[in-house]
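Enquirer: What follows is the residue order along each chain.
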Amino acid sequence: MILHPPVLALLMGSLLASFMVVYASWYAIAVLRDWEITSGSELQLSLERQTYLISTLVGYTFVFQLLSLFLFVFIADDLSRLFVGAMCAAGTLNVNAYGYPALILKMINFILAGAWLVLNYVDNKAYDYPLIKTKYLLLLLITPVMLVETAALFLYFLNLHPDIITSCCSNIFSAGASGSGDGGLAITGGSRPTIFFALMGLNLMLGLYVFLTRGQGAYLFAAMSCGAFVVSLIALISVFSLYFYELPTHHCPFCILQGAYGYVGYPLYLALFGGVVTGIGTGVVAPARKFKSLAGIVPVVQGRLALASVVCCALFTGIVIIAMMTSNLIMEG
Amino acid sequence: MIQLRDIKKVFNAGRPNEFTALYGVSLDIDGGGLTVLKGPSGSGKTTLLSILGCMARPTAGRIRFKDLELTSLPERFLAATRRQSFGFIFQQLNLIKGITALDNVMLPAYPNGEKRSRIEARALALLDAFSLKHKAAANVEWLSGGEAQRVAIARALINDPDVIIADEPTAHLDSKLSLEFMETMQRLKLQGRTILIASHDPIAYDAPCVDRVIEMRDGVVIDENESA
Numbered sequence: 545m546i547l548h549p550p551v552l553a554l555l556m557g558s559l560l561a562s563f564m565v566v567y568a569s570w571y572a573i574a575v576l577r578d579w580e581i582t583s584g585s586e587l588q589l590s591l592e593r594q595t596y597l598i599s600t601l602v603g604y605t606f607v608f609q610l611l612s613l614f615l616f617v618f619i620a621d622d623l624s625r626l627f628v629g630a631m632c633a634a635g636t637l638n639v640n641a642y643g644y645p646a647l648i649l650k651m652i653n654f655i656l657a658g659a660w661l662v663l664n665y666v667d668n669k670a671y672d673y674p675l676i677k678t679k680y681l682l683l684l685l686i687t688p689v690m691l692v693e694t695a696a697l698f699l700y701f702l703n704l705h706p707d708i709i710t711s712c713c714s715n716i717f718s719a720g721a722s723g724s725g726d727g728g729l730a731i732t733g734g735s736r737p738t739i740f741f742a743l744m745g746l747n748l749m750l751g752l753y754v755f756l757t758r759g760q761g762a763y764l765f766a767a768m769s770c771g772a773f774v775v776s777l778i779a780l781i782s783v784f785s786l787y788f789y790e791l792p793t794h795h796c797p798f799c800i801l802q803g804a805y806g807y808v809g810y811p812l813y814l815a816l817f818g819g820v821v822t823g824i825g826t827g828v829v830a831p832a833r834k835f836k837s838l839a840g841i842v843p844v845v846q847g848r849l850a851l852a853s854v855v856c857c858a859l860f861t862g863i864v865i866i867a868m869m870t871s872n873l874i875m876e877g
Numbered sequence: 693m694i695q696l697r698d699i700k701k702v703f704n705a706g707r708p709n710e711f712t713a714l715y716g717v718s719l720d721i722d723g724g725g726l727t728v729l730k731g732p733s734g735s736g737k738t739t740l741l742s743i744l745g746c747m748a749r750p751t752a753g754r755i756r757f758k759d760l761e762l763t764s765l766p767e768r769f770l771a772a773t774r775r776q777s778f779g780f781i782f783q784q785l786n787l788i789k790g791i792t793a794l795d796n797v798m799l800p801a802y803p804n805g806e807k808r809s810r811i812e813a814r815a816l817a818l819l820d821a822f823s824l825k826h827k828a829a830a831n832v833e834w835l836s837g838g839e840a841q842r843v844a845i846a847r848a849l850i851n852d853p854d855v856i857i858a859d860e861p862t863a864h865l866d867s868k869l870s871l872e873f874m875e876t877m878q879r880l881k882l883q884g885r886t887i888l889i890a891s892h893d894p895i896a897y898d899a900p901c902v903d904r905v906i907e908m909r910d911g912v913v914i915d916e917n918e919s920a
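Heads up: the protein sequence lines correspond to chains A and B, in order. Start counting at 1 in the first sequence, then tack on 544, and there's your number in my numbering. Start counting at 1 in the second sequence, then tack on 692, and there's your number in my numbering.
Where hints are given, some of them may not hold.
[What the hints assert, rightly or not] With a Cα cut of at most 27 Å, we get these calculated DSS-like pairs of lysine-lysine:
#, chain 1, residue 1, chain 2, residue 2
1, B, K789, B, K700
2, B, K868, B, K789
3, B, K825, B, K789
4, B, K700, A, K834
5, B, K868, B, K825
6, A, K677, A, K836
7, A, K677, A, K834
8, B, K881, B, K868
9, B, K807, A, K669
10, B, K825, B, K881
11, B, K758, A, K836
12, B, K758, A, K669
[Unchecked claim] Label pairs and their calculated CB-CB ranges:
#, chain 1, residue 1, chain 2, residue 2, range
13, B, R707, A, I581, 36 to 44 Å
14, B, N917, A, I581, 33 to 41 Å
15, B, N786, A, A553, 40 to 48 Å
16, B, N786, A, L685, 46 to 54 Å
17, A, Q594, B, N917, 35 to 43 Å
18, B, D910, A, I581, 50 to 58 Å
19, A, K834, B, N917, 25 to 33 Å
20, B, Q695, A, P549, 57 to 65 Å
In case anyone wonders, no lab produced these hints; they're calculated from the structure. Here a beta-carbon is modelled for each residue, glycine too, at the ideal position from N, C-alpha and C.
All chains should be modelled from the sequences, with the hints used to inform the complete structure.
Expert: Put into structure tokens, the structure is as follows:
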């Protein structure tokens with residue numbers, strides 16, 4: 545293991561977050577089993593009081609979870625200088641078999657934690673806890689994924705040995721890469737970004753519609769946000785990365801996080817992940833419109849989430865358009 | 693207007709010094725009346741009043757106020773209900789020394805986010821109603837006992853609450869001031885407010901304006917009397 549302060553901070557943070565969600569899950573089981581709002585029993589009143597503490601704890605834990613994705617990628621990028629062959633996070637993550645699974649788990653948990661935070665925010669706006677069982681059920685689903693993520697992080701960092709020779713990103717993500725331990729991540733270059741721009745255009749229009757109508761079409765927008773997220777990620781790797789690097793063969797999604805490229809990857813990924821979480825959020829809270837105490841609140845929240853998602857999508861699209869327009873790379877044919 | 697069902701309050705639950713202040717109290721209090729909770733020290737009057745006024749939560753039981761279930765309300769909703777619907781007059785008055793009578797009266801209205809000028813106009817009108825307008829700029833520590841109490845009443849009324857809660861309001865007053873206090877309560881009752889007083893002072897519970905006396909002992913209601 546490499547005793548690097550950010551690594552220790554991430555591991556300690558993940559361990560603490562796992563402890564928090566396990567503790568909260570114990571309470572979540574009690575809520576799902578015993579919550580009865582019409583009852584005036586000691587147990588019910590005790591659960592009502594505890595929910596403040598638990599939801600606050602989980603809220604802070606999940607905010608850490610959101611930030612830790614970027615910390616993890618930053619660490620992977622920063623450690624690349626210690627490994628022969630690694631040029632960026634792509635190489636560091638490829639040092640052992642746990643790097644990419646840990647990254648994928650962190651991405652999944654980012655979206656799940658974001659959805660939980662949206663649900664919790666809406667629930668806290670009501671006076672009668674209408675979403676309490678839903679949010680604690682979601683917590684019970686997130687907990688095992690977070691525990692697996694923490695295990696993957698520990699396995700990854702405990703098995704980081706500086707004497708390992710790893711593959712650099714040009715091997716892993718370049719066009720025509722022939723599986724040098726990359727697990728099939730190589731992407732064929734030259735794809736046209738037409739699908740991306742068409743989907744983003746539709747996504748922006750639908751997002752504005754959801755914003756203006758205060759939540760109409762939220763389910764479709766949530767689904768489209770997921771689709772836009774996947775397409776954006778693929779388009780970034782297969783097409784837009786070429787413009788950032790000004791190389792027709794370099795498709796690395798991590799080098800853009802480095803100073804040489806103005807750290808443009810951070811706002812890009814922030815917009816990408818922010819867009820998908822807020823977009824999904826409009827759909828996650830949509831069923832809550834049926835509750836009397838939330839009937840006036842949910843449409844407002846959905847409108848704000850849709851606007852935030854639109855801003856994130858526009859930011860992502862704007863950055864890649866600027867990169868395409870200002871890049872010295874000209875793709876023809 | 694106010695409905696209490698099986699209210700139980702345990703302090704320090706599960707510890708060696710556990711103490712049960714209320715044992716399953718159930719009551720229905722109609723709006724617009726003056727009710728006195730009577731009983732010796734330790735009978736649970738103050739605990740019941742603080743639970744009724746959303747200042748404490750019961751260990752078990754439910755309270756309905758109008759159409760609202762109070763005991764399950766999350767804290768910020770409870771605080772808003774407390775501020776808007778209940779006015780408090782404390783035994784020790786709890787006026788803040790070092791600031792003026794006017795500022796003391798205005799204080800409970802600040803969290804509502806109203807314009808200061810509107811709060812000030814309302815506070816001055818209240819001080820005027822209690823013949824204290826000339827003392828508005830005086831610090832509360834300079835006021836006499838009677839004046840200080842009227843400032844405390846004005847402060848309880850600043851948010852125009854439906855319910856006034858007074859805990860042993862006459863405990864530190866002489867008979868003349870106690871009678872004056874009960875006359876003020878009568879005036880407030882005639883305005884349609886619901887008055888709840890905890891007291892073991894006969895001047896309070898025997899006053900002609902009292903509609904109902906609820907006698908408590910050892911955390912339970914032992915007797916109820918409705919005035920004719």
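Enquirer: Quick check: which numbered hints come out false for this structure?
Expert: 1, 4, 13, 18 and 19
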